[in-house]
Amino acid sequence: MPYRKKIAVVVTTFFPGSHASTLVTKLIEGFNYQGKIIKPKIDVASIYLDQIHIEDLGIALAKKHKINVYKSIRGALTLTPANDGDPPINDGSELMESFNPDSSGTAMGFWLPWEPGELSVDGVVIIGEHGDYSIDQHDRQLYPRRHFFEQVCGVFARSGHSVPVFTDKHLSHNWEDALWIYNRAKNLDVTLMAGSSLPLEKRHPDLQHEIGAHIQEAISIGHHHDYPNALESYGFHCLETLQCMVERRYGGETGISSVQCLEGEDVWLARERGVWSGELAEAANAVMTNKKSGSMDQNSQTPTAFILEYQDGFRGTALMLPGHLQGFGYAARVNGEIYNTSFERISKGGVVNSNGKDIQGLKIQEMVLTGKAAYPVERTLLVTGAIDALFKSKRNGNIKIQTPHLDIKYNPQ
Numbered sequence: 005m006p007y008r009k010k011i012a013v014v015v016t017t018f019f020p021g022s023h024a025s026t027l028v029t030k031l032i033e034g035f036n037y038q039g040k041i042i043k044p045k046i047d048v049a050s051i052y053l054d055q056i057h058i059e060d061l062g063i064a065l066a067k068k069h070k071i072n073v074y075k076s077i078r079g080a081l082t083l084t085p086a087n088d089g090d091p092p093i094n095d096g097s098e099l100m101e102s103f104n105p106d107s108s109g110t111a112m113g114f115w116l117p118w119e120p121g122e123l124s125v126d127g128v129v130i131i132g133e134h135g136d137y138s139i140d141q142h143d144r145q146l147y148p149r150r151h152f153f154e155q156v157c158g159v160f161a162r163s164g165h166s167v168p169v170f171t172d173k174h175l176s177h178n179w180e181d182a183l184w185i186y187n188r189a190k191n192l193d194v195t196l197m198a199g200s201s202l203p204l205e206k207r208h209p210d211l212q213h214e215i216g217a218h219i220q221e222a223i224s225i226g227h228h229h230d231y232p233n234a235l236e237s238y239g240f241h242c243l244e245t246l247q248c249m250v251e252r253r254y255g256g257e258t259g260i261s262s263v264q265c266l267e268g269e270d271v272w273l274a275r276e277r278g279v280w281s282g283e284l285a286e287a288a289n290a291v292m293t294n295k296k297s298g299s300m301d302q303n304s305q306t307p308t309a310f311i312l313e314y315q316d317g318f319r320g321t322a323l324m325l326p327g328h329l330q331g332f333g334y335a336a337r338v339n340g341e342i343y344n345t346s347f348e349r350i351s352k353g354g355v356v357n358s359n360g361k362d363i364q365g366l367k368i369q370e371m372v373l374t375g376k377a378a379y380p381v382e383r384t385l386l387v388t389g390a391i392d393a394l395f396k397s398k399r400n401g402n403i404k405i406q407t408p409h410l411d412i413k414y415n416p417q
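Once you know that position 75 of the sequence shown is 79 in our numbering, the rest is easy, because the numbers rise by one and skip nothing.
It cannot be assumed that every hint is accurate.
List time: in silico DSS-like cross-link candidates among lysine-lysine, alpha-carbon distance up to 25 Å [stated by the list, open to error]:
#1 Lys68 to Lys10
#2 Lys75 to Lys40
#3 Lys43 to Lys67
#4 Lys10 to Lys43
#5 Lys367 to Lys43
#6 Lys376 to Lys206
#7 Lys376 to Lys9
#8 Lys45 to Lys367
#9 Lys45 to Lys10
#10 Lys367 to Lys10
#11 Lys45 to Lys206
#12 Lys190 to Lys70
#13 Lys45 to Lys413
#14 Lys367 to Lys296
#15 Lys45 to Lys9
#16 Lys367 to Lys9
#17 Lys68 to Lys40
#18 Lys396 to Lys367
#19 Lys9 to Lys43
#20 Lys10 to Lys70
#21 Lys43 to Lys75
#22 Lys40 to Lys9
#23 Lys367 to Lys40
#24 Lys190 to Lys367
#25 Lys43 to Lys376
#26 Lys367 to Lys413
#27 Lys206 to Lys296
#28 Lys190 to Lys40
#29 Lys68 to Lys43
#30 Lys43 to Lys206
#31 Lys376 to Lys396
#32 Lys9 to Lys68
#33 Lys367 to Lys206
#34 Lys10 to Lys376
#35 Lys70 to Lys45
These are computed hints drawn from the structure, not numbers from a lab. This one's a predicted model, so the numbers in the text were calculated from it and none came from an experiment.
Please model the complete structure; the sequences and the hints are all you need to start from.
So, in structure tokens, the structure goes:
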């Protein structure tokens, strides 16, 4: 049989509805695309679970498909047993001389030599989303995304070569760690792809700006729930909705020069001052199906606006409207005409109507098979930096924050 490439999956936790469940299951069992189940062309060889959820699905899924679950990220990438916390040694001969055969198996584990192993997979999928992790004073959940990536890169560096890596959603909850991940990937020549499935969702109506489009202004709208880190989590989605569209504007992406987070009544006042376009917001709202009747002003009591000013003078806004809608929408003015679309993942009545995760899984598979990312990781780096700066604006009285460090230039693919 021809060789099939294999991947290691590194996840925080695996329960019904989690990102691990909605993505890893597809990588193992197949993708539902255009009404057909497409069998994977790669194999999941190993799984690392950081936390076992009370409704865990990962272990049973692994057992069903004869996939080993490892105690460590190192073990999952090298396909070797865990070292159970004892100091690694290369030669256990002297210790073995004093080994008592009547002692416990744990003692035997201490005396036997342990090797770090070599990279034994062709790709890595990191899902650092969901789980019992601390939420800091700024309402950001401290997922171990950098830690996961650092462990992965440790195996790469020791083995002397790297394989493609996909990491789910934003690179980290803070800019410093996100930039470290990006630079570490560059240093080790890692093909890195990141972000959520939202840019891959089917759009209604179908809309994709031509590369080089003369986009004059744009807005995305979205929602969030009421748990503590929801604004950061769903704010990333709303910013990603905006960025995956406006990066195609004339001249390519130039980076963001400043950001400002507005909240409550200040959101509507900014509309009146022309900071963001009410006309575009209504155009985005018009194509949303899962929304309440009435105006966004009446329905959303705690709105938030993320105002982005770009290096080339372009301005974009991500408008969060909890209580008014579910899903994400977009509108832009291009050569004087308004274009709009929705990225809705939840249909009327709460029934999930989405194939974004299937497409995302297929893009990951393509990256592993070809060694090429399907879309630029710089998009995720820029959005990660933007939301980090926006939360600095939020906790410092909603002031404008200059972002010279977000001078990130790239061309869309």
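Item checked: Satisfaction of hint between Lys43 and Lys9, Cα-Cα up to 25 Å -> Distance of about 14 Å is within 25 Å: holds.
Checklist line | 25 Å Cα cutoff - pair Lys367, Lys413 | finding: Given that 25 Å is the threshold and the Cα spacing comes to 23 Å, the pair holds.
Next item on the list: Compare the distance between the alpha carbons of Lys376 and Lys396 with 25 Å, and conclude whether the hinted pair is satisfied.
Entry: violated, 34 Å
Next item on the list: Take the C-alpha atoms of Lys45 and Lys413, compute the straight-line distance between them, and say whether it is at most 25 Å.
Entry: violated, 34 Å
Notebook entry, point to check: Under the criterion that the straight-line Cα-Cα distance not exceed 25 Å, is the pair Lys10, Lys70 satisfied?
Noted result: At roughly 14 Å apart (the allowed maximum being 25 Å), Lys70 and Lys10 satisfy the hint.
Check: Within 25 Å, alpha carbon to alpha carbon, are Lys190 and Lys367?
Finding: With a Cα-Cα distance of about 20 Å, the restraint between Lys190 and Lys367 holds, given a limit of 25 Å.
Next item on the list: Please work out if Lys10 and Lys43 have their alpha carbons no farther apart than 25 Å.
Entry: holds, 14 Å
Note to self: Hint check: Lys43 vs Lys206, CA-CA at most 25 Å. Holds or violated?
What the structure shows: holds, 21 Å
Notebook entry, point to check: Within a Cα-Cα threshold of 25 Å, do Lys367 and Lys10 meet the stated pairing?
Noted result: Between Lys367 and Lys10 the Cα gap is close to 15 Å, so the pair holds against 25 Å.
Checklist line | Pairwise hint evaluation, Lys40 against Lys367, where the allowed Cα distance is 25 Å at most | finding: holds, 17 Å
Item checked: Restraint check for Lys190 with Lys70, where alpha carbons must lie at most 25 Å apart -> violated, 34 Å
Item checked: Straight-line alpha-carbon gap Lys206 to Lys296, limit 25 Å -> Holds, because 22 Å separates the two Cα atoms, which is no more than 25 Å.
Hints 2, 12, 13, 14, 18, 21, 28, 31 from the earlier list are contradicted by this structure; the remaining hints agree with it.
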